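Student: With the hints as a guide, bring the two chains together.
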Amino acid sequence: KNQVEQSPQSLIILEGKNCTLQCNYTVSPFSNLRWYKQDTGRGPVSLTIMTFSENTKSNGRYTATLDADTKQSSLHITASQLSDSASYICVVSERHFNKFYFGSGTKLNVKP
Amino acid sequence: DAMVIQNPRYQVTQFGKPVTLSCSQTLNHNVMYWYQQKSSQAPKLLFHYYDKDFNNEADTPDNFQSRRPNTSFCFLDIRSPGLGDAAMYLCATSSDRGNQPQHFGDGTRLSIL
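First to last, the protein sequences are chains A and B.
Read the first sequence against this note's numbering and you will find it ends at 112, with the numbers running on by one and no gaps.
Read the second sequence against this note's numbering and you will find it ends at 113, with the numbers running on by one and no gaps.
Simulated from the structure, these hints should not be mistaken for laboratory data.
There may be inaccurate statements among the hints.
[Stated by the list, open to error] The list that follows gives simulated cross-link-like pairs (lysine-lysine, DSSO-like), each with its CA atoms no further than 30 Å apart:
1. K99/A with K57/A
2. K1/A with K44/B
3. K17/A with K99/A
4. K38/B with K71/A
5. K71/A with K44/B
6. K99/A with K38/B
7. K1/A with K17/B
8. K107/A with K38/B
9. K57/A with K17/B
10. K111/A with K17/B
11. K71/A with K17/A
12. K107/A with K57/A
13. K107/A with K44/B
14. K17/A with K1/A
15. K111/A with K17/A
16. K17/B with K52/B
17. K99/A with K44/B
18. K111/A with K1/A
19. K44/B with K57/A
20. K38/B with K17/B
21. K17/A with K57/A
22. K17/A with K107/A
Everything numeric in this text was worked out from a predicted model, so none of it was measured.
Chain B extracted, bound-state conformation (with noise of 0.2 Å):
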């Protein structure tokens, strides 16, 4: 019965090749983050999704693209991945932002060549 699937779990791209992270969920929420999460490291929000209207967070470096088609799925892109942008990519759902906890999925760990 899993909530959040994200695919795949290990992603490895080459250097500067567009590469494509995807995330459903069955939970039918609202809101939808992508995260980063480097070894050791807290996750860092990219940007989220509050039903189609979308949220950049001011630090999220242009290369990190995304795309909510519809309520239960949300893509992740990276248009020239560099070797800095290895990293464990999480997605999480709520059904609303403020008080409501997140649903994290197990995430995709990307590495690039």
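Looking at chain A on its own, in the form it has when it is part of the complex (with noise of 0.2 Å):
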């Protein structure tokens, strides 16, 4: 069966710190894996997609890894500010039937 799994649930760190989100995934057969910012009351955000060959990608404060071999994902926040306080998501996309699959997300509360 098709999941995917993110931890923790919810996380709580002072500004500054730095924190890693963890994405597991069972897709198969792997096309791509996102991560989006979903602010409260907004919509999601994406800041990166990674396909099959990409272990490491960066968008600024924000790197992700992926290790297809483990079917996991994650995502490493720098210098956390209170701008970040938001939950993050992980969609993983299936190749055959362009079907994709999200994660219950990550809440995170930066304070100051």
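Tutor: Right under this line is the structure:
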């Protein structure tokens, strides 16, 4: 069964600290993996999209990694800011039928 | 320079009273999606259009319908809203299915009285 699981469900960190969010998936055959940031009351915004051959991709203070062998991805946030407080959603696409599977997200709260 | 615009941002309707949510895009994307998102849950795909080709998800209730009169606009019709349909409804577009990222609107929050 194709699934995407994210951990932790929620996370509280202090401003300026780093954090890492995890995404494990069983989607097969794999097409790509995306990380989205969703601010409260807003639509998700794409942070990164990673294909099978990509191991690391950065977008400012956000760095995503992908291990296609173990079917794991992480999103590392460096020097967190209050504006990083949001839900982070991992979405994995399946290649044959162009279907995609959403994780339930990690809710990050950055405190001053 | 909003690219995917959803109207209204907040919609209140009565139990059983039909309601229509709208989405427009300035990206000229082929694909438009409708999602339902309940509190603290992942978005759930209801259906999508690839150009004029409508693709319904197997578990989308018949109560939910959609129209895409042209490339720029897409509508979500809920024929007889129930209390369980209260949610955020997100519209998204992409230039193609597969590897292309989706661009989301800010959603319409639907409340049922």
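Student: Hint by hint, say whether it matches the structure.
Tutor: Against the structure, the hints come out as follows:
1. In summary, the hint linking K99/A to K57/A is supported, as the alpha carbons are separated by about 23 Å, within the 30 Å threshold.
2. With a C-alpha separation of about 17 Å, the suggested pairing of K1/A with K44/B holds against the 30 Å cut-off.
3. The hinted pair formed by K17/A and K99/A fails the criterion: a straight-line CA distance of about 35 Å is larger than 30 Å.
4. A distance of roughly 27 Å separates the Cα atoms of K38/B and K71/A; the hinted pair therefore holds under the 30 Å criterion.
5. For the proposed pair K71/A and K44/B, the alpha carbon gap of about 22 Å is at most 30 Å, so the pair holds.
6. Taking the CA atoms of K99/A and K38/B, the gap is near 20 Å; set against the 30 Å cutoff, the hint holds.
7. Restraint check for K1/A and K17/B: the C-alpha separation of about 37 Å exceeds 30 Å, so the hint is violated.
8. The straight-line distance between the Cα atoms of K107/A and K38/B is roughly 14 Å, inside the 30 Å bound, and the hint therefore holds.
9. Restraint check for K57/A and K17/B: the C-alpha separation of about 47 Å exceeds 30 Å, so the hint is violated.
10. Our distance criterion of 30 Å between C-alpha atoms is broken by K111/A and K17/B, whose separation comes to about 42 Å.
11. Restraint check for K71/A and K17/A: the C-alpha separation of about 27 Å stays at or below 30 Å, so the hint holds.
12. Distance check on the hinted pair: K107/A and K57/A sit about 22 Å apart at the alpha-carbon level, within 30 Å; holds.
13. With a CA separation close to 18 Å, the supplied pair K107/A and K44/B stays within the 30 Å bound.
14. Taking the CA atoms of K17/A and K1/A, the gap is near 36 Å; set against the 30 Å cutoff, the hint is violated.
15. Pair hint K111/A plus K17/A holds up; C-alpha atoms about 10 Å apart against a cutoff of 30 Å.
16. Proposed proximity of K17/B and K52/B is supported: the alpha carbons are some 27 Å apart, at most 30 Å.
17. With a C-alpha separation of about 12 Å, the suggested pair K99/A and K44/B falls inside the 30 Å cut-off, and the hint holds.
18. Simply put, K111/A and K1/A have alpha-carbon atoms about 37 Å apart, too far for the 30 Å limit, and the pair is violated.
19. Only pairs whose Cα atoms come within 30 Å are accepted, and K44/B paired with K57/A is accepted, the gap being roughly 27 Å.
20. At roughly 20 Å between alpha-carbon atoms, K38/B and K17/B fall within 30 Å of each other, so this suggested pair holds.
21. Distance restraint check for K17/A and K57/A: the Cα-Cα separation of roughly 20 Å lies within the 30 Å cut-off, and the hinted pair is therefore satisfied.
22. For the given pair, K17/A sits about 16 Å from K107/A by alpha-carbon distance, which is consistent with the 30 Å threshold.
When each numbered hint is compared with the structure, violations occur for hints 3, 7, 9, 10, 14 and 18.
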